[in-house]
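Trainee: Sequences and hints are given; from them, build the entire structure.
Going down the list, the sequences are from chains A and B. Here my numbering is used: the first residue of the first sequence is 154, the next is one more, and so on. Here my numbering is used: the first residue of the second sequence is 367, the next is one more, and so on.
Just so you know, these hints were derived from the structure itself, not from any lab. Warning: the hint list may mix true and false statements.
Here are the simulated DSSO-like cross-link-like pairs (lysine-lysine), alpha carbons at most 27 Å apart as the crow flies [stated by the list, open to error]:
(1) A:415 <-> B:492
(2) A:273 <-> A:242
(3) B:691 <-> A:415
(4) B:810 <-> A:296
(5) A:432 <-> B:492
(6) B:454 <-> A:394
(7) B:810 <-> A:415
(8) B:454 <-> A:349
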Amino acid sequence: MQIPDVSSTWENEISSVTIGATEEEGGTRSRTITIGGETTMPYLHFEGTMPNRPVLAFEIWDVRPEDWPPITKEPFEDVMGNPVEWAQKCEEDFDPDLLSLRLMGCDPYGEDRSPEGAAKTVEKVLEATTLPLIIWGSGDEEKDNEVFTLVSPAAEGENCLLGTITEDNYRTLAALGKADDHKVIAESPVDINIAKQVNTLALDVGYDLENIVIFPNSPALGYGIEYVYSIMERTRLAGLKGDRLMAQPMLANIGGEVWKTKEAKITAEERPNWGDHRKRGPLWEATTAFTYLQAGADLVIMRHPEALNEVGRKIDRLMDSGGE
Amino acid sequence: MSDLSAMDIYQELPQTDCGDCNFPTCMAFAMQLASKQVSLDQCPHVSSESEETLAASSAPPMRIVKIGDGSDDVEIGGETVQFRHEEKFYRPTAVSIEIDDSLEEPELEEKVNRVNDLQFERVGEKIGVDLVTLKNDELAPKNYGELVETVDDESQFPLYLRSRNPEAIKEGLTRLSGGKPLVGNATEDNWKEMANLAEEYETPLAVSGYDLSGLAELTDRISEEGAEELVLNPRADSISNYLEKLTKLRRLAVVEEFSPLGYPVLASVNSGAPFQQVADGTSHILKYASIISLDTTNSWQILPLLTVRQHIYIDPQVQNSVEAKLYEVGDPGPDSPVLFTTNFQLTYYSLEGEVDDSGFSAYISVMDTDGLGVLNAYADDQLTGEEIVETVKEQGVMDKVDHNKLIIPGLVGMLRMTVQEEGGWEVIVGPEDAASLPRFLRQKWEA
Numbered sequence: 154m155q156i157p158d159v160s161s162t163w164e165n166e167i168s169s170v171t172i173g174a175t176e177e178e179g180g181t182r183s184r185t186i187t188i189g190g191e192t193t194m195p196y197l198h199f200e201g202t203m204p205n206r207p208v209l210a211f212e213i214w215d216v217r218p219e220d221w222p223p224i225t226k227e228p229f230e231d232v233m234g235n236p237v238e239w240a241q242k243c244e245e246d247f248d249p250d251l252l253s254l255r256l257m258g259c260d261p262y263g264e265d266r267s268p269e270g271a272a273k274t275v276e277k278v279l280e281a282t283t284l285p286l287i288i289w290g291s292g293d294e295e296k297d298n299e300v301f302t303l304v305s306p307a308a309e310g311e312n313c314l315l316g317t318i319t320e321d322n323y324r325t326l327a328a329l330g331k332a333d334d335h336k337v338i339a340e341s342p343v344d345i346n347i348a349k350q351v352n353t354l355a356l357d358v359g360y361d362l363e364n365i366v367i368f369p370n371s372p373a374l375g376y377g378i379e380y381v382y383s384i385m386e387r388t389r390l391a392g393l394k395g396d397r398l399m400a401q402p403m404l405a406n407i408g409g410e411v412w413k414t415k416e417a418k419i420t421a422e423e424r425p426n427w428g429d430h431r432k433r434g435p436l437w438e439a440t441t442a443f444t445y446l447q448a449g450a451d452l453v454i455m456r457h458p459e460a461l462n463e464v465g466r467k468i469d470r471l472m473d474s475g476g477e
Numbered sequence: 367m368s369d370l371s372a373m374d375i376y377q378e379l380p381q382t383d384c385g386d387c388n389f390p391t392c393m394a395f396a397m398q399l400a401s402k403q404v405s406l407d408q409c410p411h412v413s414s415e416s417e418e419t420l421a422a423s424s425a426p427p428m429r430i431v432k433i434g435d436g437s438d439d440v441e442i443g444g445e446t447v448q449f450r451h452e453e454k455f456y457r458p459t460a461v462s463i464e465i466d467d468s469l470e471e472p473e474l475e476e477k478v479n480r481v482n483d484l485q486f487e488r489v490g491e492k493i494g495v496d497l498v499t500l501k502n503d504e505l506a507p508k509n510y511g512e513l514v515e516t517v518d519d520e521s522q523f524p525l526y527l528r529s530r531n532p533e534a535i536k537e538g539l540t541r542l543s544g545g546k547p548l549v550g551n552a553t554e555d556n557w558k559e560m561a562n563l564a565e566e567y568e569t570p571l572a573v574s575g576y577d578l579s580g581l582a583e584l585t586d587r588i589s590e591e592g593a594e595e596l597v598l599n600p601r602a603d604s605i606s607n608y609l610e611k612l613t614k615l616r617r618l619a620v621v622e623e624f625s626p627l628g629y630p631v632l633a634s635v636n637s638g639a640p641f642q643q644v645a646d647g648t649s650h651i652l653k654y655a656s657i658i659s660l661d662t663t664n665s666w667q668i669l670p671l672l673t674v675r676q677h678i679y680i681d682p683q684v685q686n687s688v689e690a691k692l693y694e695v696g697d698p699g700p701d702s703p704v705l706f707t708t709n710f711q712l713t714y715y716s717l718e719g720e721v722d723d724s725g726f727s728a729y730i731s732v733m734d735t736d737g738l739g740v741l742n743a744y745a746d747d748q749l750t751g752e753e754i755v756e757t758v759k760e761q762g763v764m765d766k767v768d769h770n771k772l773i774i775p776g777l778v779g780m781l782r783m784t785v786q787e788e789g790g791w792e793v794i795v796g797p798e799d800a801a802s803l804p805r806f807l808r809q810k811w812e813a
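Mentor: As structure tokens, this is what we get:
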């Protein structure tokens, strides 16, 4: 029976963003990572292309994270508190695509480390590792601006991904990213209009849209994931239809969200009918990632090695178009 | 295809409010027709001219299929959109757990009991598996029929009888005396016998094929035999091939309204590594299965799948709210902190999760803001200092504690003085986001 052709074609292509720089490109990374470039909704190989495989990054902190549950600390117990060794261990033992360094030690309500110290840490991590690097501040806007003012030039030439610019705080980081040739993360609080607004503001201060990765926040499975699932689908559809302010690759940073949920943390002793905790926790993180990847996430930042490994296998299978 | 409004449809109905369609009024029925949730033939009185006028817009583009005949029956299908933000997804994916016919007692009963136990409660809602897939790979028809009877007695759920052999299906159906199980699979080789069984026993039928045009031909022939409650079971050789087929089927049903494929879809999850089972089950729930069938009884695998389903099927057009009342997290006593927030579901559950995390027990006083978050409720003038005082007083929480302190969300810190003066409490401004609460409590809380 003849059936109607239901393939969709789209006007626009999602922009491609490359993170990292090799020696030839003025950096010291062993490879670069490119995300984005889609001409279709996720994994619909029959009607468009996904030239770049979605990628996974490991989350690393500059200080020992006391709040992480034991199951996420175990694999890194011997190196936590030393970001250089932690980063090396991730890179050597678990094979992520990128590393994501969070400068939590700079938090003014925590250890309140200095911008100078943060810049040193970044330099040392870059020296000791070869993968492209994502760098986050502690989340305190004022302090992050001070920190990035030294961190950004310290990483010059390495083409890092820096985060985040927000609706209220974009000038400093956008200017630094532009001056030192870094990519930036545009963050919005589960609101597609604000996501667009942040991109507009970055564009207004002369930052190139082609260098932005959209981060619409990424609540864990069971805690509002459906909002961002739909925001990502709407963003990607708008981008493919030709809205240049929505045509950027998207990021989900799920580790911190997942590992504060009961479902990931609570042991089988406390909740017998939820089953084996050592499996359930990593699977909660993996399933959160599966969901965002299906909505169009291009980059997922994670914490647990088994979860990262399983999500990598899933991406391989989704990217396999079956051949001829 | 043009869509008629509920009002347009109402004009064509008898307007007698007779109730024969099982809706109280013609207008209520018209609204259901407009959202393509019912079919026009539920109205026995509509004139043939009106029927013609309404034909295009009245048929649900994807059939609704009911499996089971009792308190645990499951309705699937009737979906109208590709993306949940366009409207919503209507009928949550049914999760069916597979049982092999090679299982013997006592393993069989143990497994059925484990399936029965796959029920959970999350964010105030009961979630669980829905069906049992009883595979016929080994047993002769008569023995399979006996097995069907045994499993039906022990299981809480409707069955999906899965066999290539119509004889085996017939044995099963005769022993179920009604019960409306899903049966299948009808294929190129057995479709006629299967269709006749489905029609005779008035039970839904799964139809299987590799390519979509072959599948469309099969459903066409089968519906001519009189079997109309069909479920499509496309075979696929990889997860991306599944995604392609299920995406095309959804578009054919809801965009093209291509009736030979306007049925709900079943997707099987291959047995394999446990994480990959959940990975594939997640893909199918998101895109676009109305039933998934898989072989596991591990609750650590089933819970995330059911949670994906629970949240993806939330209606995006409705503000999701929790009941506005006083909540107790942990085991709060006279020294415990008292927090205040609004009844937006996400706000409340984030806060509850963080309190749980903090090691503190606490009272949370939740105000009715029609499901708006803190900042939106403030912007909307619903959340004022006076309203906070009224809510906290009404719920009587300050009588339960020995201290006089109330923590309000950091996002409305400007209301502190009003609340303090009107309520007569010491008002503390909390953090702006829930995630900072554990640290805030550890550093600042003293009863």
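Trainee: For each hint, tell me whether it holds in the structure or not.
Mentor: Hints versus structure:
The suggested pairing of residue 415 (chain A) with residue 492 (chain B) holds, with an alpha-carbon distance near 17 Å, which does not exceed 27 Å. As the CA atoms of residue 273 (chain A) and residue 242 (chain A) are separated by approximately 19 Å, the hinted pair is consistent with the 27 Å bound. A C-alpha spacing of about 23 Å is found between residue 691 (chain B) and residue 415 (chain A), which places the hinted pair at or below 27 Å, so the restraint holds. A distance of roughly 22 Å separates the Cα atoms of residue 810 (chain B) and residue 296 (chain A); the hinted pair therefore holds under the 27 Å criterion.
For a cut-off of 27 Å, the pair hint linking residue 432 (chain A) to residue 492 (chain B) stands: about 23 Å separates their Cα positions. Between the alpha carbons of residue 454 (chain B) and residue 394 (chain A) the distance comes to roughly 22 Å, so the proposed pair stays at or under 27 Å and holds. Between residue 810 (chain B) and residue 415 (chain A), the direct Cα distance comes to roughly 24 Å. Compliance with the 27 Å bound is thereby established for this hinted pair. For the proposed pair residue 454 (chain B) and residue 349 (chain A), the alpha carbon gap of about 24 Å is at most 27 Å, so the pair holds.
Every hint from the earlier list agrees with this structure, and none is contradicted.
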